[in-house]
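Chemist: Chains as they are written, first to last, in the working numbering: chain A, 8 to 120; chain B, 8 to 121.
For the record, the hints were derived by calculation from the structure and aren't laboratory data.
Note that the structure is predicted; figures quoted are calculated from it, not measured.
Some clues are possibly wrong.
Taking lysine-lysine and the DSSO-like style, the derived pairs with C-alpha atoms no more than 30 Å apart in a straight line are [what the hints assert, rightly or not]:
1. A:Lys63 <-> B:Lys48
2. A:Lys63 <-> A:Lys33
3. A:Lys33 <-> A:Lys77
4. B:Lys48 <-> B:Lys25
5. B:Lys29 <-> A:Lys107
6. A:Lys76 <-> B:Lys48
7. A:Lys77 <-> B:Lys43
8. B:Lys26 <-> B:Lys43
9. B:Lys26 <-> A:Lys107
10. A:Lys77 <-> B:Lys47
11. A:Lys107 <-> B:Lys47
12. B:Lys43 <-> A:Lys107
13. B:Lys47 <-> A:Lys76
14. A:Lys77 <-> B:Lys48
15. B:Lys25 <-> B:Lys43
16. A:Lys33 <-> B:Lys48
17. B:Lys47 <-> A:Lys33
18. B:Lys47 <-> B:Lys29
19. B:Lys25 <-> A:Lys33
20. B:Lys47 <-> B:Lys25
21. A:Lys33 <-> A:Lys107
Here's the letter readout for the chains.
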Amino acid sequence: SQQGEEDPQALSIQEGENATMNCSYKTSINNLQWYRQNSGRGLVHLILIRSNEREKHSGRLRVTLDTSKKSSSLLITASRAADTASYFCATPREDFGNEKLTFGTGTRLTIIP
Amino acid sequence: ETGVTQTPRHLVMGMTNKKSLKCEQHLGHNAMYWYKQSAKKPLELMFVYSLEERVENNSVPSRFSPECPNSSHLFLHLHTLQPEDSALYLCASSLSRGGNYGYTFGSGTRLTVV
């Protein structure tokens, strides 16, 4: 069954604006990961945040994790046309002994030049 | 390139054909995975291999047959597929089995069954 769910399903913003995507999950986790997928290509690992971390940065990316609300957010600052892609959150299922990394259906982000 | 290479990039096959997808990683990872990505569905984990041993197959139909001859290579053998098997098939690898490390994905094979 699906673990992470991204919100919104689709997002369009002007170049230069900030983009925020959210992920909610159901079971306890020890980490949460974000991936990017350009159309028809493989997924690219962006960032991993562990359950004892609340915030993590990588370049223009900022990820937060709230384990009490079972939610995470991905913020992309100063968006560029090249950021147009689908973004997925993924979590290892603790009820499967952290063996399974499960993905949501993604947020489709479009940056308008 | 990500370090995980999948071939072919595109494949069209008839329902009676037999074909194979290939995945190769040069990252020194010990675990490899096959995922299926269909439109508007979450990625579906098909197979997991750890140190060349299959540890999970997630109830995948027998028309999909994986093979892992060594820790760097992974194959997915296909035979008598159905049109609903048309999808993007993604190979991934990770340092060790499970979800405690990030996965590195290949670019995928776009499969169309006619």
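Chemist: All hints are to be evaluated individually against the structure, with a verdict given for each.
Modeler: We went through each hint and held it up to the structure:
1. A:Lys63 <-> B:Lys48: With a Cα-Cα distance of about 28 Å, the restraint between Lys63 of chain A and Lys48 of chain B holds, given a limit of 30 Å.
2. A:Lys63 <-> A:Lys33: 21 Å, holds
3. A:Lys33 <-> A:Lys77: 7 Å, holds
4. B:Lys48 <-> B:Lys25: Judged against 30 Å, a Cα distance of about 26 Å means the pair holds.
5. B:Lys29 <-> A:Lys107: At roughly 22 Å apart (the allowed maximum being 30 Å), Lys107 of chain A and Lys29 of chain B satisfy the hint.
6. A:Lys76 <-> B:Lys48: 24 Å, holds
7. A:Lys77 <-> B:Lys43: OK: Lys77 of chain A and Lys43 of chain B at ~26 Å, within 30 Å.
8. B:Lys26 <-> B:Lys43: At roughly 16 Å apart (the allowed maximum being 30 Å), Lys43 of chain B and Lys26 of chain B satisfy the hint.
9. B:Lys26 <-> A:Lys107: 27 Å, holds
10. A:Lys77 <-> B:Lys47: 23 Å, holds
11. A:Lys107 <-> B:Lys47: Roughly 20 Å between the alpha carbons, so the hint for Lys107 of chain A and Lys47 of chain B holds.
12. B:Lys43 <-> A:Lys107: Holds - the C-alpha atoms of Lys107 of chain A and Lys43 of chain B are around 14 Å apart, at most 30 Å.
13. B:Lys47 <-> A:Lys76: 26 Å, holds
14. A:Lys77 <-> B:Lys48: 22 Å, holds
15. B:Lys25 <-> B:Lys43: Measuring from Cα to Cα gives roughly 18 Å; hence the hint holds.
16. A:Lys33 <-> B:Lys48: 18 Å, holds
17. B:Lys47 <-> A:Lys33: 20 Å, holds
18. B:Lys47 <-> B:Lys29: 25 Å, holds
19. B:Lys25 <-> A:Lys33: 40 Å, violated
20. B:Lys47 <-> B:Lys25: Distance ~27 Å between Lys47 of chain B and Lys25 of chain B Cα, so the pair holds.
21. A:Lys33 <-> A:Lys107: Status holds; Cα separation ~14 Å.
Against the hints set out earlier in the document, a violation occurs for number 19 only.
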